[in-house]
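A.B. asks: What follows is the residue order along each chain.
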Amino acid sequence: MSGHSSPVQQGLPSGFEALEPFMAQWCCETSAERMEVRCEADMGEIRSFYDSMIERADEAFDLIERYPIGEMPDDVARLAKLLLGLAQASVAVEIHGQPRAPDTPYPNSIKLIRSTAPFG
Amino acid sequence: MDMTREDFTGRGTFTERFGLDTEVRSLEPYRSREFFELEREKVFDRAWLYMAREEELPEQNSFIVKQLYPRNISVLITRDASGHIQAFHNSCPHRGGIVVREEAGRASRFSCQYHKWTFNNKGSLLGVPDEENFFPSLRKSTCGLKKISTAMWEGWIFVNLMDEPEVTLEEFLGPIKDYLSGMIYLGAHNPVVYTAVLEANWKAASDAFIETYHIPHIHKQTIGSTFAGTINPHSRLISAQPLGPHRTISAFGNTEYAADPNSRVEKLGSKAGEAGNVIAQATLEDAADYLKHPAVNPNRTNHWSMDINQVFPNFHIDTNPGGFLTHQFWPMSENQCFYEVRFYMNEAKHFRERFLQELYIARVGEVVLEDLSNLWWTQRGIESSGTATMHLQDSEVAIRHSLDHVLKWTQSATVKEALA
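First to last, the protein sequences are chains A and B. Heads up: the first sequence at position 24 corresponds to 24 in my numbering, and the numbers run straight through without jumps. Heads up: the second sequence at position 348 corresponds to 468 in my numbering, and the numbers run straight through without jumps.
Next up, chain B with everything else stripped away, as it sits in the complex:
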């Protein structure tokens, strides 16, 4: 599908097609302590939350430890000898100490360092030193590591903090599960990972990654020319679609993009002098089948840079010409969040390819820094704002849809009602 200047003129219709009203939205959810408490309880304590890729547990008896920031829960995730993946509270049932202090490794059993209570990787309590000096209230069969409900979807590991999740992961994912079904995740075993603590509400941070309206301004020096061009100077979206509480949008790509003539280093890595796209991290030869997936460049246009698939509440799976990347935003308080971005890429086969990866890693680090800096100012503005509302334009439809679903969850007595 070819696109012209006309496609980006006049007011767009995404918001209408999402079935959303076009009124302003309140900024209170971005700055209120009370709302943060409500959101933790009604959203993060009830939704299925993405934790890790299964490739992070590559073999039998692999384990990893992750942090569930909203409640400061340390989560131990194990793969047992039969291959089953299960999450546990990484906290000793004896007196609460952290059991596993490493971030990742291989082990079939774990001992709490404090008093050497020992567990297997199915969570069962195996041994208690000086057991006979305890009282009858200690029953080893009920003193295993406390399980956290765990479920898998195409290699993505999710957890749910409810003792008995009200809906299955499948029900929770709903239409996005079908939309992304069969996706080929290139380089899923080899992420390049940046983390940062952002001094901004988690939604303000997530919002910065679901609109491209800001790119020509904030990222002018780094990726501005990838996402905007003559026919679409304001980097409007090329498609958008609601998927239950989740959604997908696609961003414009500038076909005029060529390596900046000042970028001598980028040209060095591209042996034949071909122009690269600074946002693509893998080689196209690996990507032929991946690019055929209907969710990758759904409009089938050459004016495409990336798709953003946003899984409620805090996880994005982005697909671009070279592969995929993920963003995750964890609330720490009403004005601070933990951010993690993972760029998945195959190991380089040749050194020039490795060099271009290093250039990519260096540049995306600068993009993260630009966002970190901008979000600091955004949050200060939100908190000092006399205008307690935000105006969202049509290409910011994902922000409107995302916020409306967070609000709906906070107002719903049950998860089924929130998903209805």
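Okay, chain A solo, but in the shape it has when bound:
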């Protein structure tokens, strides 16, 4: 699924092209969108993103941290946003073993109305 409308759809830095198929779903502008994507994805989608992303995460951090946090080139910023998606994906993979917490309602009234910069 791709339940959100992310405006960012161009490439990742050289060497990370294999992650580009995940961008339509997981390259989000805000924390709230990342949460929504995880809640609405199926477990296969989440696991596939998690497995691919975690494998490249150390290299991605190294590349991203070459730039001051507010001054990343666009392709590096897209990689950073994709990496933030891993935080949400980990809630499903590492904590619940399913997309959302067992025995909890969805949709529900919880709203993340403010996050932190950048990409919050």
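Since the hints were derived computationally from the structure, they do not count as laboratory data. Accuracy of the hints is not assured; some may be wrong.
[Unchecked claim] Calculated pairs, DSBU-like style, for lysine-lysine (alpha carbon to alpha carbon, straight line, at most 30 Å):
#, chain 1, residue 1, chain 2, residue 2
1, B, Lys469, B, Lys387
2, B, Lys260, B, Lys297
3, A, Lys111, B, Lys469
4, A, Lys111, B, Lys186
5, B, Lys186, B, Lys536
6, B, Lys260, B, Lys186
7, B, Lys340, A, Lys111
8, B, Lys242, B, Lys186
9, B, Lys412, B, Lys469
10, B, Lys469, B, Lys267
11, A, Lys111, B, Lys387
12, B, Lys266, B, Lys236
Guided by the hints, dock chain B onto chain A, whose structure is given.
C.D. replies: Only chain B this time, still in chain A's reference frame:
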């Protein structure tokens, strides 16, 4: 101070030291429509109520709009050119429309969109279109935005709905003002904010955040291992103290806590592979002076996770190793409340730090969800209960103290009597 298994064995003495009786408490205040009405009138119409941090009004002519849920009052709060902060009813004196529809912004004057009555940010009425067609009963000097009594305490903005508050904010805060005096509020300008409508009485919701007895059960997968450990398996409190109608408690922290070996993502963010505490949102380097404050980890023990400072009636300021967070619970009816939690954190300096913040934000969202879900069941149980009472153990002392003060306010003819 080191703590051992012995400190958490046998019955505790907090309830006794608070001077409270140990009888059961009635559940009626958690389910009765009549009590809700009484509480609105005697508590929320008379107490000083926390509204916002001053950082939400960062400069001259900043404004914000907030909702006072118990009476559905829209509140406009302005900072004028001289820096003065004042709350108003956000309702046009002409025929009552909402004047400011935005949630926040900058403006030195406001126009009601309905008929363009215009006010400055001190509330004075500046202009009325076609004024000459009104009658002598319209006196512009008395038709400004209606003020709501406003007072500040160390960056916290409070309001009071009484036309003439019976006590000052300082008198109302009493001992908690001194207890938290000089606190350093790290990242006060940058909250991460979750809101939710909880299908539970506001006290049932607030109660869930002033005891840690439930944490090993409800939050087993998320934060259970932070708050309980071998020497304190039931997550008993490590300290508790009444502060007038307010109170403070401190929760146990598990020194054995290490990142779950399954948590590969948490390890990624911690470059040196150091264990993090999932409840801490800021880096320790910023926190050295903050951690010296006597109200932060008052026992000075390494078995500490957080302090909960509960400001009567509906506001909590929690301090933990990484900074502070706040909870607020607004009654909407006898079985529904509006909940807002704010996690204050400095902006990340490095991307790995930002990544750990995102992980923290994601996980605390799950904790909020666990509470939302649990409170739904709690309220259904309270409403269907044949046992109309609750049994509170020693580590639930804050619930007992909090409820007793709500009851006292509902039974007191004056605020001075309620505070006596």
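A.B. asks: If a hint holds in the structure, say so; if it does not, say that too.
C.D. replies: Hint check:
1. Of the supplied pair hints, the one linking lysine 469(B) and lysine 387(B) holds, its CA atoms being roughly 19 Å apart against a limit of 30 Å.
2. A hinted pair counts as satisfied when its Cα atoms are at most 30 Å apart, and lysine 260(B) with lysine 297(B) does not qualify at roughly 39 Å.
3. Restraint check: the Cα-Cα separation between lysine 111(A) and lysine 469(B) comes to about 26 Å, which is no more than 30 Å; the hinted pair holds.
4. Annotation: proposed proximity of lysine 111(A) to lysine 186(B) holds, straight-line Cα distance about 16 Å (limit 30 Å).
5. Restraint check for lysine 186(B) and lysine 536(B): satisfied, since their Cα atoms lie roughly 28 Å apart, inside the 30 Å limit.
6. Restraint check for lysine 260(B) and lysine 186(B): satisfied, since their Cα atoms lie roughly 26 Å apart, inside the 30 Å limit.
7. Restraint check: the Cα-Cα separation between lysine 340(B) and lysine 111(A) comes to about 23 Å, which is no more than 30 Å; the hinted pair holds.
8. Simply put, lysine 242(B) and lysine 186(B) have alpha-carbon atoms about 17 Å apart, close enough for the 30 Å limit, and the pair holds.
9. With a CA separation close to 24 Å, the supplied pair lysine 412(B) and lysine 469(B) stays within the 30 Å bound.
10. For a cut-off of 30 Å, the pair hint linking lysine 469(B) to lysine 267(B) is broken: about 41 Å separates their Cα positions.
11. In summary, the hint linking lysine 111(A) to lysine 387(B) is supported, as the alpha carbons are separated by about 27 Å, within the 30 Å threshold.
12. A hinted pair counts as satisfied when its Cα atoms are at most 30 Å apart, and lysine 266(B) with lysine 236(B) qualifies at roughly 17 Å.
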